[in-house]
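Trainee: Residues per chain, in single letters:
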Amino acid sequence: MRTGYIIVLLALYCGASAQSKEIATILAASRELENIVFGTKDSIKLEKLFAGYLTYGHSNGKVETREEAIRNIVRNKSVYVKKDTLAGYSVIMNRNAAVVRHPFLALEKKEDGTVSELHLAIVLVWVREKKDWKLLARQAVKIQ
Amino acid sequence: MKKFLFILFLLSGTATPAQPDSVKLKTAMQQLDRALIEQDEKLLQRVMHPDISFGHSTGWVQSWSDVLNDFRTGKLIYETLEHSAVWIATLSKNLATVRMHTHATGKLNGNPFDLHMHVLQVWMKTKEGWKLWARQSAKLQAP
Numbered sequence: 001m002r003t004g005y006i007i008v009l010l011a012l013y014c015g016a017s018a019q020s021k022e023i024a025t026i027l028a029a030s031r032e033l034e035n036i037v038f039g040t041k042d043s044i045k046l047e048k049l050f051a052g053y054l055t056y057g058h059s060n061g062k063v064e065t066r067e068e069a070i071r072n073i074v075r076n077k078s079v080y081v082k083k084d085t086l087a088g089y090s091v092i093m094n095r096n097a098a099v100v101r102h103p104f105l106a107l108e109k110k111e112d113g114t115v116s117e118l119h120l121a122i123v124l125v126w127v128r129e130k131k132d133w134k135l136l137a138r139q140a141v142k143i144q
Numbered sequence: 145m146k147k148f149l150f151i152l153f154l155l156s157g158t159a160t161p162a163q164p165d166s167v168k169l170k171t172a173m174q175q176l177d178r179a180l181i182e183q184d185e186k187l188l189q190r191v192m193h194p195d196i197s198f199g200h201s202t203g204w205v206q207s208w209s210d211v212l213n214d215f216r217t218g219k220l221i222y223e224t225l226e227h228s229a230v231w232i233a234t235l236s237k238n239l240a241t242v243r244m245h246t247h248a249t250g251k252l253n254g255n256p257f258d259l260h261m262h263v264l265q266v267w268m269k270t271k272e273g274w275k276l277w278a279r280q281s282a283k284l285q286a287p
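Sequence order for the protein chains is A and B. Residue 77 in our numbering sits at position 77 of the first sequence, and the numbers go up by one each step. Residue 246 in our numbering sits at position 102 of the second sequence, and the numbers go up by one each step.
What the hints contain is simulated information worked out from the structure, not anything from laboratory work. There could be a bad hint or two in this list.
What the hints assert, rightly or not - Residues from chain A shown here face chain B by an in silico Cβ test under 10 Å; the list is partial:
id, residue
1, Gly57
2, Ser59
3, Met93
4, Arg138
5, Ala140
6, Ile143
Claimed, not checked - Here are the simulated lysine-lysine pairs, DSS-like style, with alpha carbons at most 30 Å apart:
id, chain 1, residue 1, chain 2, residue 2
7, A, Lys131, B, Lys168
8, A, Lys41, A, Lys82
9, B, Lys269, A, Lys134
10, A, Lys142, A, Lys62
11, B, Lys168, A, Lys134
12, B, Lys283, A, Lys41
13, A, Lys130, B, Lys170
14, A, Lys142, B, Lys275
15, B, Lys251, A, Lys142
16, A, Lys109, B, Lys283
17, B, Lys283, A, Lys110
18, A, Lys62, B, Lys168
19, A, Lys134, A, Lys77
20, B, Lys283, A, Lys82
21, B, Lys219, A, Lys142
Note that CB positions come from ideal geometry on N, CA and C, so glycine has one too.
Please model the complete structure; the sequences and the hints are all you need to start from.
Mentor: Below, the structure written as structure tokens:
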């Protein structure tokens, strides 16, 4: 049994230990982030979720600062229709840091009318600042 | 007395608290490369956290036991690792995020690979020093 390693498929909230509660919080934040980035594009919520020194990485290698990421998420005119995937969210937590990995599969309808499938593997690095979990780093990878 | 101590501190020329850590971190990064290329299991164990999730640009994610297994079976071999544009994006008391461009060559299941990728490394400070705790690469077009 590896210390600090827990896999949670979808949000299995057991509420038993403090760590389970933290993991549930991290999962909820991760889901919320996905819904904002690929849906509501709510910049106020992003301001709350993003750490000051966030580096936000795209699948093409482009890395944005916190401000650039928020601006570009809000500016993004694409509409995403999410498709179900078999794999869920996985979390590894260690003290005040957590790494979440999850797939993202959707139809992307771009501003110019083109529609294409978007399949990403997303990595989220969360840190606990006082009592809140904030996103410190994000990296997306395109899955062929 | 306070003024004296303050001047003494200024003249002492000591590095800021963050610096020794960033040097130790850079050393750990170099040790990681060496461990991967030289297939040095002991060194790899020193610089890889047991909870590591090592993500490849295909989406394949390996745990510590996966990495160790592939080492021993020779499934994944790194021949060269060249990094450029390395920057320590964040550095706190026990967590660091580092980004870089990496040109890696080697063999996977006997098939040679030659990849340019963007790499995110997340390092965690433990009692034994900095250890790679998470890693993710994304494929780039060759320049």
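Trainee: For each hint, tell me whether it holds in the structure or not.
Mentor: Hint-by-hint comparison with the structure:
For A/Gly57, the interface hint holds, the least distance from its beta-carbon to any beta-carbon of chain B being 6 Å, beneath 10 Å. The criterion of a C-beta within 10 Å of any C-beta in chain B is met by A/Ser59, whose closest approach is roughly 5 Å, and the hint holds. Taking 10 Å as the C-beta cut-off, the interface hint given for A/Met93 holds, the closest approach to chain B being about 9 Å. Checking A/Arg138 against chain B: minimum C-beta separation of about 9 Å stays under 10 Å; hint holds.
Below 10 Å, beta-carbon pairs count as interface contacts, and A/Ala140 has one with chain B at about 7 Å; its hint therefore holds. Interface hint at A/Ile143: satisfied, since its Cβ lies 5 Å from the closest Cβ of chain B, which is below the 10 Å cut-off. With a C-alpha separation of about 29 Å, the suggested pair A/Lys131 and B/Lys168 falls inside the 30 Å cut-off, and the hint holds. Annotation: proposed proximity of A/Lys41 to A/Lys82 holds, straight-line Cα distance about 15 Å (limit 30 Å).
This hinted pair checks out: B/Lys269 and A/Lys134 have alpha carbons roughly 19 Å apart, not beyond 30 Å. For the proposed pair A/Lys142 and A/Lys62, the alpha carbon gap of about 13 Å is at most 30 Å, so the pair holds. At most 30 Å may separate the alpha-carbon atoms for a hinted pair to count; B/Lys168 and A/Lys134 meet this at roughly 26 Å. Taking the CA atoms of B/Lys283 and A/Lys41, the gap is about 27 Å. The hint holds against a cut of 30 Å.
For the hint linking A/Lys130 to B/Lys170, the alpha-carbon distance of about 28 Å falls within 30 Å, and the restraint holds. A threshold of 30 Å between alpha carbons decides the hint, and for A/Lys142 with B/Lys275 the separation of about 27 Å falls inside it, so the pair holds. Between B/Lys251 and A/Lys142 the CA atoms are separated by roughly 22 Å; this keeps the pair inside 30 Å, and the hint holds. Between the alpha carbons of A/Lys109 and B/Lys283 the distance comes to roughly 24 Å, so the proposed pair stays at or under 30 Å and holds.
With a C-alpha separation of about 23 Å, the suggested pairing of B/Lys283 with A/Lys110 holds against the 30 Å cut-off. For the hint pairing A/Lys62 with B/Lys168, the CA-to-CA distance comes to about 27 Å; that is within 30 Å, so the pair holds. Annotation: proposed proximity of A/Lys134 to A/Lys77 holds, straight-line Cα distance about 25 Å (limit 30 Å). Taking the CA atoms of B/Lys283 and A/Lys82, the gap is about 24 Å. The hint holds against a cut of 30 Å.
As the CA atoms of B/Lys219 and A/Lys142 are separated by approximately 23 Å, the hinted pair is consistent with the 30 Å bound.
No hint from the list above goes unmet by this structure.
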